[in-house]
Every structure is written in structure tokens, then in C-alpha cells.
Amino acid sequence: MNQSILQQAQQQLFEPSGLNENQLDKVFSHLQGADLADLYFQSNRFESWVLEEGIIKNGSYSIEQGVGVRMVVGEQTGFAYSDEITLEALTASAKAAAAIGKAGQNKSTQAWKSRQSPNVIALYATDNPLASMSEDEKIALLRLADKEARAASPHVTQVIANIAGVHEHILVADIEGNMNADVRPLVRMNITVIVEKDGKRESAGSGGGGRYGFDYFTQADRIREYASEAVRLALVNLDAVDAPAGSQTVVLGPGWPGVLLHEAIGHGLEGDFNRKGTSAFSGRIGETVAAKGVTVVDDGTLENRRGSLSIDDEGTPTNCTTLIEDGVLKGYMQDKLNARLMGEKSTGNGRRESYAHLPMPRMTNTYMLAGEADPEEIIASVKKGLYAVNFGGGQVDITSGKFVFSASEAYLIENGKVTRPVKGATLIGNGPDVLTKVSMIGNDLALDKGVGVCGKGGQSVPVGVGQPTLKIDGLTVGGTDA
Amino acid sequence: MNTSIKETENQLREISETVLKLAKKYGASDAELSLNRGEGLSVEIHMGTVDKLEYNRDQGLNLSVYMGMHTGTASTGDLSPQAIQDTVKAACNIARYTEEDKYTGLADAELMATGIATNSADLDLYHPWDLSAEKAIELATECEKHARDFDPRIINSDGSSISTYSGMSLISNSHGFTGVLPSSRHSLSCSVIGQEVGDEDMQRDYWYSTSRVNAELESAETVGKKAAEKTLARLRGKQISTREANVLYSPEMARSIISHFAGAIAGGAQYRKSTFLLDSVGTKVFPEFIRLHEQPHLVRAFGSGYFDKEGVATSNRDIVTDGIVQGYIMGSYTARQLGLKTTANSGGTHNLTLESTGQNFNEMLKMLDTGFLVTELIGSGVNNMTGDYSRGAAGFWVENGEIQYPVEEVTVAGNLKDMFQRIVAVGNDIDLRSGTRTGSILIEGLMIAGS
Chain A
1 MNQSILQQAQ QQLFEPSGLN ENQLDKVFSH LQGADLADLY FQSNRFESWV LEEGIIKNGS
61 YSIEQGVGVR MVVGEQTGFA YSDEITLEAL TASAKAAAAI GKAGQNKSTQ AWKSRQSPNV
121 IALYATDNPL ASMSEDEKIA LLRLADKEAR AASPHVTQVI ANIAGVHEHI LVADIEGNMN
181 ADVRPLVRMN ITVIVEKDGK RESAGSGGGG RYGFDYFTQA DRIREYASEA VRLALVNLDA
241 VDAPAGSQTV VLGPGWPGVL LHEAIGHGLE GDFNRKGTSA FSGRIGETVA AKGVTVVDDG
301 TLENRRGSLS IDDEGTPTNC TTLIEDGVLK GYMQDKLNAR LMGEKSTGNG RRESYAHLPM
361 PRMTNTYMLA GEADPEEIIA SVKKGLYAVN FGGGQVDITS GKFVFSASEA YLIENGKVTR
421 PVKGATLIGN GPDVLTKVSM IGNDLALDKG VGVCGKGGQS VPVGVGQPTL KIDGLTVGGT
481 DA
Chain B
483 MNTSIKETEN QLREISETVL KLAKKYGASD AELSLNRGEG LSVEIHMGTV DKLEYNRDQG
543 LNLSVYMGMH TGTASTGDLS PQAIQDTVKA ACNIARYTEE DKYTGLADAE LMATGIATNS
603 ADLDLYHPWD LSAEKAIELA TECEKHARDF DPRIINSDGS SISTYSGMSL ISNSHGFTGV
663 LPSSRHSLSC SVIGQEVGDE DMQRDYWYST SRVNAELESA ETVGKKAAEK TLARLRGKQI
723 STREANVLYS PEMARSIISH FAGAIAGGAQ YRKSTFLLDS VGTKVFPEFI RLHEQPHLVR
783 AFGSGYFDKE GVATSNRDIV TDGIVQGYIM GSYTARQLGL KTTANSGGTH NLTLESTGQN
843 FNEMLKMLDT GFLVTELIGS GVNNMTGDYS RGAAGFWVEN GEIQYPVEEV TVAGNLKDMF
903 QRIVAVGNDI DLRSGTRTGS ILIEGLMIAG S
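In order, the protein sequence lines correspond to chains A and B. Okay, so the first sequence: first residue is 1 according to the numbering used here, each after it adds one. Okay, so the second sequence: first residue is 483 according to the numbering used here, each after it adds one.
Please keep in mind that the hints were generated in silico from the structure rather than gathered at the bench. It is possible that part of the hints are untrue.
Quick list of in silico lysine-lysine cross-link-like pairs, DSS-like style, CA-CA up to 30 Å [what the hints assert, rightly or not]:
(1) K617(B) with K200(A)
(2) K534(B) with K26(A)
(3) K95(A) with K720(B)
(4) K292(A) with K720(B)
Far from chain B, by Cβ distances over 12 Å, these chain A residues were calculated [as the list claims (entries may be wrong)]:
(5) R70
(6) S132
(7) R150
(8) T157
(9) N178
(10) T192
(11) G331
(12) A356
(13) D374
(14) L412
Label pairs and their in silico Cβ distance ranges [stated by the list, open to error]:
(15) D612(B) with G458(A): 38 to 48 Å
(16) D590(B) with A140(A): 33 to 43 Å
(17) E88(A) with P634(B): 45 to 55 Å
(18) N119(A) with G509(B): 45 to 55 Å
(19) I637(B) with A140(A): 57 to 67 Å
(20) D900(B) with G283(A): 37 to 47 Å
(21) E344(A) with D800(B): 28 to 38 Å
(22) T765(B) with G458(A): 52 to 62 Å
(23) P634(B) with R284(A): 33 to 43 Å
(24) K345(A) with G883(B): 24 to 34 Å
(25) Q567(B) with D326(A): 50 to 60 Å
(26) R115(A) with K503(B): 21 to 31 Å
Every residue, glycine too, gets a C-beta built ideally from N, C-alpha and C.
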């Protein structure tokens, strides 16, 4: 299995230019003296289709491929890349990246030889999702989305549906001779609707996906689920009243609201910020940063999830890393460079947007484990507060720890009951102490539906989040109703 | 890696001709493309040591083909003959499956920026900087050192970086239009972390300078010191209580207010009816003193160009005069949807400029009198359909026109429709570091949520 993935990747990445692995010795000869050096070969094929105003308006296809060459000496990284995968281009990139090595001490020069890597468990099939369906079949998915959305309510005036798929081959060769490869499928569908009623208009979207072929969307009535969810959300918001302003008891629904964890603690626990001491969580391993019962993990090993990877972009198999256990800070997410400098081991979180970007510690699927409370009991316990179940994006300042995430579906809780919907509002808090205010944890852990994208340092990667229903005693809600 | 710009231009022209020919061959009735190629160097320093040294080399082709009223698009970062052929084929294959869309196609031929297209050099956007790795390391190190030496409360660095990039983009279509735009951009930035003695909380802030011309960059000392000053000003920030207040957006933050407006009057939002400013041409959206206009031909500016992505000639125009919306922001597709003419905004606006009401920053603070000066916004939190606005913010509490103390962990909320009407003044402290130009903006009556 493993061997065949490596062969598939070599066939895709090396064969077109006649490159073979024995030639990599010449490339690595320029990178001698490195504490860490690798070549990252990548080839991407991306395809998308859009339906709008009832017609298939556009489709697009893109080709991206190249190789990134990295040399690390101490804390210093030299990097260059090329969109040509040829020995000549590789050698030029290696010479450029090696500019960083001038300061480094030369180690003994040894011939580079590839060696067998331990077996890696593949978390998804290697089949090309773009070829998993004919064009007519792909288009039929969008037509179904349009039909389902319009059938869900007479108030729907616009439906924009799109599907996108990626087939990616990567191969990482490091200076120690390890060669690891991965073949990654990824598909996504989004449905956005506009509704109009009594002269008021609202818009909302829903969607899903994962590391599958496009046939994922033909199963389990998914398209109808996305369409009716988008319509439901838009209709709810038509009747929304002003959100409250100020500190409130907030109950977060299960699943996607886990974006809280991603922003409030996830980024602050990435190894690079902690190695440099720039995170509000720096040097706090072993300290209590959350209420008892709060356990948060970053798990890249879930089969077929959008945020999952069989190996990360440095060739390290992914893990389920415990970040917080029963309220206590346990560990950071690491890539090779930061792990080495902190005397730790890579947790398989070294990710990069493409060959033209350097890897850094990134999240995969970040979620909180379930507790014991019945979600209804959680809502019943709140006299006055906010029940927030859907969110847009979020952002964090990792140094001050202040984070935001913006609700797109929320309701007032009055005397233990969910009452009126309120307008979208931004919630703001302080990462290192927000989880100490968690007073109830639901038994209903859910993961998101698979459309998450995380941005850091100008690089985007697919991620997942999840959590059970949570009660937080005191979070600032950015409404307009004082 | 250093090829002359003329050589790059010739290569891109050659590829462009090949692509247009191939598109015809594979059945396209029309085609348009953009090509780019450039290279650069960036260095990041952390605590006096090189953190990253990166050589960048980017190139790409974006292609749209039309088969009658059917559209297909494709792109590639690989410009080898094989990849180009695959890309053209893919776009044409897609056009066989998309449906007839009566609004699609090239912009009208008579709108092309023909004749002046070859004079892009007049805009003076191309000043490559032959920056060696050694010199880059030296400058970024010096910049960080100035920030760290500024005050003992600067305890750490989030990095100082320098980057240079120069290259060329080319737009071409089957009307026979080809335009090239050589350009460069250089930046020097510094981000440092401060901590008050005896305090656990840290704060970070940054400053950067960016220009088409390296000689016009602020000095390493200026950038480093400004970064340190900004960080120190944020120490001991606190949350304020929930209240209604007047808000002064710093020039950097004010830009986002203009962007929300531009998004609301974009052709796409108008024809989809997904905007809170639907059918707003002729409507008084702002107070009378507001003028917003485009200046596409400013020398050395970041939003300059003689043509848009469809090859349509750009020109100066008012988007808002006396507070009244004069026109939308459209390419030819969205314009046709609306029964209007393109405004040469395929790909975005060109030096969108909000005219100042004449006050400098200190005068703006005096006008604010008592209220919230916003210097940072985080999160999205804007509903384009309704104009509802709620974003995380940090800045300073101001009383009697004087800054009192730093504020953090609050939100500012309102509705953009009201916020536009409640603009009281626009400063002349214009930030020129982007393609959208505005000074600070004072807005009355926003809700601040805090403790």
C-alpha cells in the first residue's frame, strides 16, 4: 500500500521530466551541513463548477506543480522553489536555499541514499476525485442543489451552488534519505441562498466535504441537507432582532462552533509561537488553562476528514495530540524545526499551502471531547444569555490572547428557553482564560461538515473543528442592544 | 534567475499568442488571458538572527475562453508547452458543459485601452531593487535592533522583515488587445512584543513601510522605532464597560470602511441583490461633504494601471459626489447584467480615494473629544446583505481630545448604512500604502461592547 503510494507519487512527479531518485544525491550535496533539509515535490489538479441563476455558469480547472527546497541550520531557514521539476531547477534552488548555510558549520559529507520509511496508514483512498464522475454527473449535483434549495421555500430568490475537487500528489525527500509520499483527494460543496420576504432580504450558506470523491455528495441525502440548512438559516435571520451588547452567559452549539477552540487556544499552542515566546501560552505547560473536564485534542488521524493527513508535509505521520487534558495544558503542536529547537518530537503538524511556501506548525482537526451534560439541561440552566449555533470566521492575536469569532445564527435564552433569533454578532474573549469559564460540557460531541479553511502567515490549509454543546459563564457579545 | 524585463515581456507575449491560437484551434470563439512572471527575495530576522531567507519566483496563466455564450476558465503555474496545452484544452472542455449565459464574453472592442497600452512605463511602477541577501539581512537586523533598543519594556520580537518583488503582468484578448504592466514592490516591516514590568500580559504591534521604489522606503530606524512606540502604547490595555460612543478609525482601519462600501456597490452584489445598498445610484448614502473617486493614473501608486483585467481603458471618475452615489464598480459581465456600461473595474478599483475634510490627526482627535480611537480590528463580522456590523477592536479611550489609556477586548457594532451617514470628518493623515487611500474617519454613535 505504502510502497504503491510512493510509486504513484514518483510516477506523477518525477517521470514527466525523467528525474530519478538517484539524482537527488547531487541536489543534497549542495545542502551539506544542514540540521534539516528537504525537497517537497507537489502536483495539484483542481476543478470547480458553479451554478447561478439556474444555469451552469462557469467551471474552472487549474494545474499547479513544483518543488520547494529548504535548508535549516540552527534556527535559520533558507528556501527557494521552482515550478519546474528538473534536476537543473532543483540544483539552482538548492544553491539558493544553501545561502543560509554559510554561517553553519560543515558536517561530514556523506553520499545521499534513499531508505525505506516505516509503514504509514493511509487515511483516504488515492483515487482521483476529478475523475470520479463525468462532467454531466458533476453538473447534475449542482442542479439538484438548485432544485432542493428552491423547493425548500418559496422565498428563495437566488441559489449559488459550487463544487470543487483537488487531487494532490506530494513527495518529501529529506537529507537523511527518507522518502515519503501522499496522494490526497479533497472535495467540497457550498450552497448559498438569498431569500426575500416582506421586502427584507437575507443570505446564508451551507456545505460540506472531505477527503473523498465527488460521489460523497450523492450519499445520505447530503445535497438536500445542505440546501435545506442554507434556506433555514437565511429564513431564521430574516426575523432576527438586535443582539445584546456586553458580557453574557453564552451557550455554544455542537460542531462548527468549535472554531472557538481553534482561535482561542489552537493557534496559541502552535510550536513556532511558543519556541519564540510570542504566544500568550508560552511556557505554560502543566498550568491549568481550562475548567476541570475540558480535554482538547488536535487529531490528524480521522479517516477521510478534511483536516486529516496520512503524513504531514514534512513526511511525519499525523497524530492525535492532547493539547489540554482535564483543564491542564499538556502540549504544543510541532513541526520538525520547532520540535528540534524545543527538544521535542514533531507531532505531525508540519503543513504548508504549497511547494512555494515553507512548512510551519498548523492544526488538523481540533476538537473538545464530550462531557456528560444533556444539551437541553445546559440551556435550561441559563436564566438570561445567548445560544450561538452557527459561526462565520474568527481571528486571534496570539500575543495578547484576544480572539474573536462571529456568530451567524444565534438566539436569546430567556428563563431557560431558547426564544428569539438575534442578528449576527462578534464574540470576543481572552484565549488563556475563556476555557476556565466553561461550566457545563454536553454529551453531544460533533465535528464540522468539512469546509473549514485556516489562514496563518499568508498560507491557507484545510482544517476541521468540533465540540459538544458548551456553557461559558461570561463572554463579551458585540451586539448593538445595550 | 535575473532575466531582463524586456526578455520577460517577450516571453509572455509569445506565450500569450500561443494560448490565443490554441484556444481558437480547440473551438473557442473568443478568449482572454492574464499572464504574470516575477521574482523576489525576502528575509525575516528574529532576535538578531536570520529566521528565514526566501527566494520567490512566481508565474502563472489565467485563461477564460468563450464558445459563443458559453464560458470556461483554467489556470496554471506551470508554463511549459505541455501544461499550456492542457490548460487551454481544459478551459475549452469546460465551455462545452457550461450553459448559455447571455451576459458573458469579452468587453466591447471599442473600450480597449489601445494605443496607450504600451506606455505603462509612464506610470513609473517598475523599480527593481538589486538587493543582496547580505544587505537584506543587514537592513532587517538594523530595523529590529532599533525597535528592541528603544525601551527595556520591549522584551521580544515577532520578527523584522524586508522583501523585494518585481515582475510583469500581461493582459491579452482576442480583440487583438495586449497590454503589459511591469511593477515592483518593496517592504520593510517590524513587529515587536512589549511587557510592563511586573505584568504577565504581553502586547504586540507593528509598523511597515512599502513603496514601488526602494529609495522611498522609510529608514530601518524609523520603522523599528515606530513599531516599538506602537507596542509600548498598548501596554496595560483594559476592557471598558459597554457604552455608546463616537469612534475615530485610524487611517489603516478607516480603509476597511471604504472597502465595505466598495463591496456593497460592486456590480456582482447589485445584480445578485446581495447588498444593503441595492439600487443606490443617485441616492445620498453619505453626508454632503463626502467625495470618493478613482485615480487610476497616479505615478508610482499601488492601484495604478491604464487598463483593467479585460483590457478596458481606465479613467478618473467620481463614485460618490456630495454624498451621492454616482456609479457602481463593474466589469463588463456585471455591467451587462445591470444593463449598464463597464466602469473598468474588472479585477478591482484603481486608487480609490476618499477626499479629506482637511483636519490633521490631532484635529481629528479634538473633534472626537471623548470617545474610542480604533487602531486595530479583528474578525469579519459584516453582513453584506443587511449592513449589520460587529467587529473585535483595540485602540485608545480619548477624553477632551487627549488619549487616556489603551483599550482591548471590545467590539464595535452598528449598521453600515447608519455609519456612512454618521461620518463627521475625514482626516488628511492619508495612508498611501495601499490601492485604497483614506485618512482617519470619525463616526458618531457606535455601540462598544465590553465588560
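Please verify that the nearest CB of chain B lies beyond 12 Å from N178(A)'s CB.
It holds; N178(A) is separated from chain B by about 23 Å at its closest Cβ, greater than 12 Å.
With the threshold set at 30 Å, check whether the alpha-carbon distance from K617(B) to K200(A) stays at or below it.
Violated: K617(B) and K200(A) sit about 59 Å apart, past 30 Å.
Verify the CB-CB distance for E88(A) and P634(B) against the hinted window 45 to 55 Å.
holds (51 Å)
Distance restraint evaluation - N119(A), G509(B), Cβ atoms, bounds 45 to 55 Å
At 48 Å between Cβs, range holds.
Range hint 50 to 60 Å: satisfied by the CB atoms of Q567(B) and D326(A)?
Check passed, 59 Å falls within 50 to 60 Å.
Distance rule for R70(A), whose beta carbon must clear each one in chain B by more than 12 Å:
The assertion about R70(A) is violated, with a minimum of 10 Å to chain B.
Starting from the hint 33 to 43 Å, judge whether the C-beta atoms of D590(B) and A140(A) obey it.
Cβ of D590(B) to Cβ of A140(A): about 35 Å, so the range 33 to 43 Å holds.
Consistency of the no-contact label for L412(A), given chain B and a CB cut of 12 Å
holds (15 Å)
Evaluate the given range 28 to 38 Å for the C-beta pair formed by E344(A) and D800(B).
violated (59 Å)
Go ahead and decide if the range 24 to 34 Å is satisfied by the Cβ distance of K345(A) to G883(B).
violated (56 Å)
52 to 62 Å as the expected CB spacing between G458(A) and T765(B), which holds or is violated:
This hint is violated: roughly 38 Å between Cβ atoms.
Interface exclusion of T192(A) relative to chain B, criterion Cβ beyond 12 Å
T192(A) is in fact no farther than 12 Å from some Cβ atom of chain B, at 9 Å.
The structure shown violates the earlier hints numbered 1, 3, 5, 8, 10, 12, 15, 21, 22, 23, 24, 26.
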